[in-house]
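What follows is each chain in one-letter form.
4 protein chains.
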Amino acid sequence: MNRSYDILCMGRSCIDLYSNDIGAPFVEIKSFAAYVGGCPTNISVGTRRLGLRSASLTAVGNDPVGDFVLNFLNQEGVVTEFVPRKPGRRTSAVMLGIEPPDKFPLIYYRDNCADIELTIDDVLAAPLADSHILLISGTGLSREPSRSATLFAAEQARALGTKVFLDLDFRPDQWHDMRAYGVTVRSALGLVDIVIGTSEETKAATLKEQSSVSVEHSQVSDAHVAGDIRQAIATVLAAGPEALVMKAGAEQTTVFLRNGEVIAAPPFPVEVYNTLGAGDAFASGFIYGYLKGWDWRRAARMGNACGAIVVTRHGCANFMPYEEEALVFIEERGGF
Amino acid sequence: MNRSYDILCMGRSCIDLYSNDIGAPFVEIKSFAAYVGGCPTNISVGTRRLGLRSASLTAVGNDPVGDFVLNFLNQEGVVTEFVPRKPGRRTSAVMLGIEPPDKFPLIYYRDNCADIELTIDDVLAAPLADSHILLISGTGLSREPSRSATLFAAEQARALGTKVFLDLDFRPDQWHDMRAYGVTVRSALGLVDIVIGTSEETKAATLKEQSSVSVEHSQVSDAHVAGDIRQAIATVLAAGPEALVMKAGAEQTTVFLRNGEVIAAPPFPVEVYNTLGAGDAFASGFIYGYLKGWDWRRAARMGNACGAIVVTRHGCANFMPYEEEALVFIEERGGF
Amino acid sequence: MNRSYDILCMGRSCIDLYSNDIGAPFVEIKSFAAYVGGCPTNISVGTRRLGLRSASLTAVGNDPVGDFVLNFLNQEGVVTEFVPRKPGRRTSAVMLGIEPPDKFPLIYYRDNCADIELTIDDVLAAPLADSHILLISGTGLSREPSRSATLFAAEQARALGTKVFLDLDFRPDQWHDMRAYGVTVRSALGLVDIVIGTSEETKAATLKEQSSVSVEHSQVSDAHVAGDIRQAIATVLAAGPEALVMKAGAEQTTVFLRNGEVIAAPPFPVEVYNTLGAGDAFASGFIYGYLKGWDWRRAARMGNACGAIVVTRHGCANFMPYEEEALVFIEERGGF
Amino acid sequence: MNRSYDILCMGRSCIDLYSNDIGAPFVEIKSFAAYVGGCPTNISVGTRRLGLRSASLTAVGNDPVGDFVLNFLNQEGVVTEFVPRKPGRRTSAVMLGIEPPDKFPLIYYRDNCADIELTIDDVLAAPLADSHILLISGTGLSREPSRSATLFAAEQARALGTKVFLDLDFRPDQWHDMRAYGVTVRSALGLVDIVIGTSEETKAATLKEQSSVSVEHSQVSDAHVAGDIRQAIATVLAAGPEALVMKAGAEQTTVFLRNGEVIAAPPFPVEVYNTLGAGDAFASGFIYGYLKGWDWRRAARMGNACGAIVVTRHGCANFMPYEEEALVFIEERGGF
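Chains as they are written, first to last, in the numbering used here: chain A, 46 to 381; chain B, 46 to 381; chain C, 46 to 381; chain D, 46 to 381.
Note: identical chains are not told apart, hence a pair may lie in one copy or across any two.
Straight-line alpha carbon distances no greater than 25 angstroms define the calculated DMTMM-like cross-link-like pairs of lysine to aspartate or glutamate that follow:
#, residue 1, residue 2
1, K337, E370
2, K253, E162
3, K253, E189
4, K75, E121
5, K208, D51
6, K337, E121
7, K148, E296
8, K148, D112
9, K75, E144
10, K253, D238
11, K253, D175
12, K253, E126
13, K253, D166
Honestly, the hints are just simulated from the structure, not real lab data.
Every value quoted in this text rests on a predicted model; they were computed, and no experiment measured them.
With these hints in hand, go ahead and build the complete structure from the sequences.
Here it is in structure tokens:
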């Protein structure tokens with residue numbers, strides 16, 4: 046199969062404004078570094094730096110922040126020619142306070158944002174048939190028209206033999222009802238080959254009660270979700286995907302296969318600086334291994350390495366490791 | 046299985062305002078009869094008149110039109126205790142011109158309407174576990190929060206052994222993108238046991254191009270959809286339902302089973318007066334037969350009879366036939 | 046001053062659906078007569094029937110209800126060439142129950158309606174310079190873009206020597222905050238020559254507390270407003286208008302002039318059948334007299350006669366009296 | 046008159062994110078300094094630093110950015126006890142690129158923001174009767190409910206003998222129609238004592254054509270407006286205000302009085318670093334002089350000094366000069 050792109054990453058993007066005053070409470074922040082972020086966009090850069098041919102299907106506004114995002118992606122070599130501008134809509138922004146080890150208050154500016162305006166026509170203009178993987182994300186399902194465009198893209202991918210990866214990307218404040226997240230994700234799972242998420246996100250995908258979700262310190266990217274993880278895993282896999290890849294930060298990654306097999310991949314211990322973006326680095330490394338045809342464990346180890354590297358750094362897309370760097374990192378820690 | 050309700054009908058309701066000046070162009074209408082309508086609500090009344098125990102899960106506003114709808118349902122014996130009032134939202138209304146045989150301009154007043162505000166909490170308060178059938182409709186999937194509430198209800202029904210019927214109910218002007226209808230319906234089909242719809246609606250459910258849909262004379266309830274009906278049927282059934290029941294107005298009903306079987310049920314020829322509501326009468330009759338444990342053909346013939354009766358009448362819910370009446374109608378025309 | 050139109054009526058229009066079952070509670074209504082209504086549109090027809098050259102600046106949707114409204118106006122001879130169609134917006138509708146003498150529940154279907162989409166460009170395309178009077182209404186100020194378009198029209202009218210009449214047209218459910226009605230009306234009064242309203246509406250225009258407004262039996266067109274009427278009159282007149290014409294249904298009309306003068310015009314006693322539209326008939330008659338150059342009392346008596354005639358009839362625009370009819374009515378009752 | 050506050054500043058607030066990479070194109074910015082901004086909020090801080098007793102009537106979201114804004118205001122000694130939190134709404138944010146001398150691209154994140162949710166109830170809870178001055182701004186009139194709340198506040202102030210200052214604050218992208226800005230401002234001018242604005246803003250307030258406004262380099266805070274400035278001044282003053290104070294950056298300030306008098310106040314020449322906030326510094330200095338009872342020229346000179354100081358600095362609120370500092374600045378340049 047000869048396709049021009051290894052991966053087409055569909056969904057949100059933003060300017061990431063990350064506190065330069067590490068450890069300072071949010072109200073005392075003096076300046077923010079300016080990066081690029083957003084789950085699928087991070088993965089487009091992460092995979093690109095690992096040598097894959099990545100294309101982006103995000104959307105930006107007709108504003109300098111949109112220029113900022115596109116300029117960065119272009120510099121990285123991520124293909125942006127399929128990224129539409131949405132007049133009258135703002136490019137998303139995110140602000141982040143950084144108080145390690147456990148306080149990372151995060152504020153989304155996503156009201157009427159550009160990337161949620163992705164349409165079925167935008168999907169039809171994108172190279173779905175010419176990509177090995179389509180990556181979609183949970184937040185892309187949160188509102189119309191992005192929701193039906195995302196489902197449509199997954200359907201098309203299926204029909205075209207393009208593998209569909211879903212990053213669960215659970216951001217509670219982007220949903221009108223916590224339970225609607227799970228309802229919607231479940232309605233998409235039949236179109237997905239591989240699901241990537243944390244155990245909290247897996248529980249969110251099978252959530253029954255609103256009260257099961259709690260967010261502390263405005264850490265929207267790290268909601269706690271009550272629930273039975275075993276049942277959640279079973280529910281997700283019963284809906285169709287071949288695998289559920291459960292990343293776990295400092296702990297081991299576990300891959301749950303539809304056939305019942307469970308594969309563990311130990312972590313690379315590092316000191317946490319900023320957890321944001323680590324999950325997307327993981328996904329990038331995992332996808333790299335997947336496309337190399339590696340086994341689940343080895344691919345997950347590659348993911349773990351990429352995640353471990355980013356967790357020691359300040360931001361997301363701008364700090365994704367390069368192929369050589371990741372392989373050396375693993376080598377230095379005893380190899381795969 | 047001992048359940049209190051035969052059927053719980055979820056979704057839209059409205060005051061139906063139907064031209065009393067049959068044959069008059071819309072601009073010359075002098076008065077409108079006031080009935081009750083809306084696909085699931087029609088079916089709640091239609092099944093009730095056939096002797097089933099029906100409950101409604103629609104929603105109405107805090108206005109006299111809401112009183113009008115509830116008053117009628119109560120008179121009919123449809124259980125309305127699970128119907129929420131939605132403050133600040135208007136009970137839906139529909140106006141209809143009647144120019145037989147083929148011009149029925151229809152105008153929906155559904156902007157910010159009450160029934161699209163059905164929530165997951167409303168579903169949790171409804172007797173899903175205590176009903177044999179849950180009936181949902183395509184329009185209930187058109188907007189949030191009704192969309193996730195409808196999907197949630199279907200999931201719950203599945204888990205509870207309650208059969209899920211989906212009336213395709215394609216109303217193009219209720220969607221931001223014609224193709225989003227199909228995308229959304231397809232994402233729900235895995236939760237559905239039996240699909241009811243016309244061939245146009247079946248094609249809409251598998252629509253690939255916006256331009257395939259055309260609406261003439263504002264007949265939103267009777268859009269024409271281009272496409273390959275064989276492929277559409279195959280796509281619908283491949284997504285999970287046991288059967289696709291294709292009603293066809295004056296022509297025969299055809300039931301397509303997942304196992305490849307195709308069952309035809311001939312129509313009862315009558316003179317068309319107003320086609321609106323006939324499809325919901327059909328569904329009522331079909332569901333009646335289904336719950337009696339009849340075979341597909343006999344159930345569909347019962348549906349055809351009910352549809353034929355209503356097509357000779359002025360409105361929808363208010364004109365649904367009673368059990369005796371329908372059985373006599375069939376008897377007089379040579380029986381099942 | 047040689048102008049083509051006597052009056053340009055700007056603002057809402059609708060299909061009026063009025064109960065044919067006089068005295069029946071709303072839930073028992075069997076049919077509704079279909080008329081045309083909406084304060085400024087009623088006045089366009091009312092003045093036209095009295096022989097004035099009237100033009101409409103309402104807006105309708107691209108739907109059969111829009112055709113219905115325009116068809117009626119065209120038949121009446123009201124000029125509709127300046128009325129824009131608003132794609133994607135619905136022509137307004139109103140339903141009314143009629144239980145004389147005092148219960149007239151009224152339901153507005155105005156969510157996202159066409160006439161609130163009137164823009165400054167629509168105003169620029171209208172013959173403001175070629176009309177003797179511009180009539181605007183309170184509801185036209187309730188939401189954007191109609192609000193700024195209405196203010197803009199009044200400004201232009203002022204600059205062009207076109208007299209500005211404001212019908213207070215207080216409809217509480219069209220405002221996000223009862224007090225915003227008064228705030229907004231007061232901000233417009235500096236552009237108005239003559240204000241027409243009831244004492245309740247005058248109090249609403251100077252409202253200080255939300256709780257001062259009460260609506261019974263869904264009678265949105267007849268809200269009760271607590272407050273000091275003397276102070277309300279003083280406040281309105283201090284803001285600029287030359288006159289406040291206070292219509293009072295069965296009681297006498299009173300004209301309050303900026304210069305302190307107060308003129309009373311006795312009513313014509315009749316039996317009340319349906320009060321809706323009577324106020325607009327009054328306005329039509331008053332404007333007729335105003336343009337004839339009559340004194341305040343005589344103009345108000347003409348208004349009273351027109352109002353009295355309509356109050357004995359079923360609907361609004363469709364029941365406005367003709368010039369001859371109104372003059373004979375007055376003659377028969379002892380003259381002006 | 047013994048009042049607790051010198052000034053109550055009503056309207057927008059935000060986190061100001063200002064490029065730390067002076068001269069860099071927006072796409073190359075590495076970090077942003079975090080300040081507080083928003084016209085009325087800048088003036089609350091500017092006046093406070095000059096020794097006045099200032100209170101804020103802005104609104105913030107229930108988020109860390111809201112904490113950031115309030116924390117800063119509290120540190121400055123601006124009274125924030127009347128500032129409501131608006132759940133579900135985001136505290137406004139602004140990003141700014143800085144390329145002196147003439148390119149300052151600015152991006153507002155104001156969709157569904159907290160400060161436009163100010164209500165009449167918020168106004169009723171604020172100390173209007175206990176303040177010498179109420180400052181309102183043009184952007185506060187851009188959308189409901191802030192618009193009617195702002196008009197209501199001005200009305201109340203008038204009734205209470207509180208002087209009303211209006212900063213024209215023209216931000217074209219906050220309006221659905223450029224001309225609606227002027228329409229709305231003009232409808233408020235009858236309630237205003239003193240208007241502060243640039244010549245561009247004055248022309249915007251009397252704008253007749255959309256095409257008259259042009260924005261370059263996303264400089265929303267510095268739109269160019271075509272039009273006749275003399276006529277614009279006359280129109281503004283004819284609507285009621287006692288004075289129009291026209292600030293002019295590097296050029297002289299001119300005060301136009303209703304009585305026809307024109308007073309010029311020469312500028313203090315400085316090198317421009319960042320023009321943002323300079324206008325609000327001017328307003329602060331001017332208001333300081335006004336409350337001291339100084340003549341127009343002396344008050345405007347004080348304003349010029351404060352503006353000149355801020356134009357040499359990086360941000361807005363955080364860089365407002367203190368009383369001593371401003372007076373010394375003037376002294377060193379030859380005095381008033």
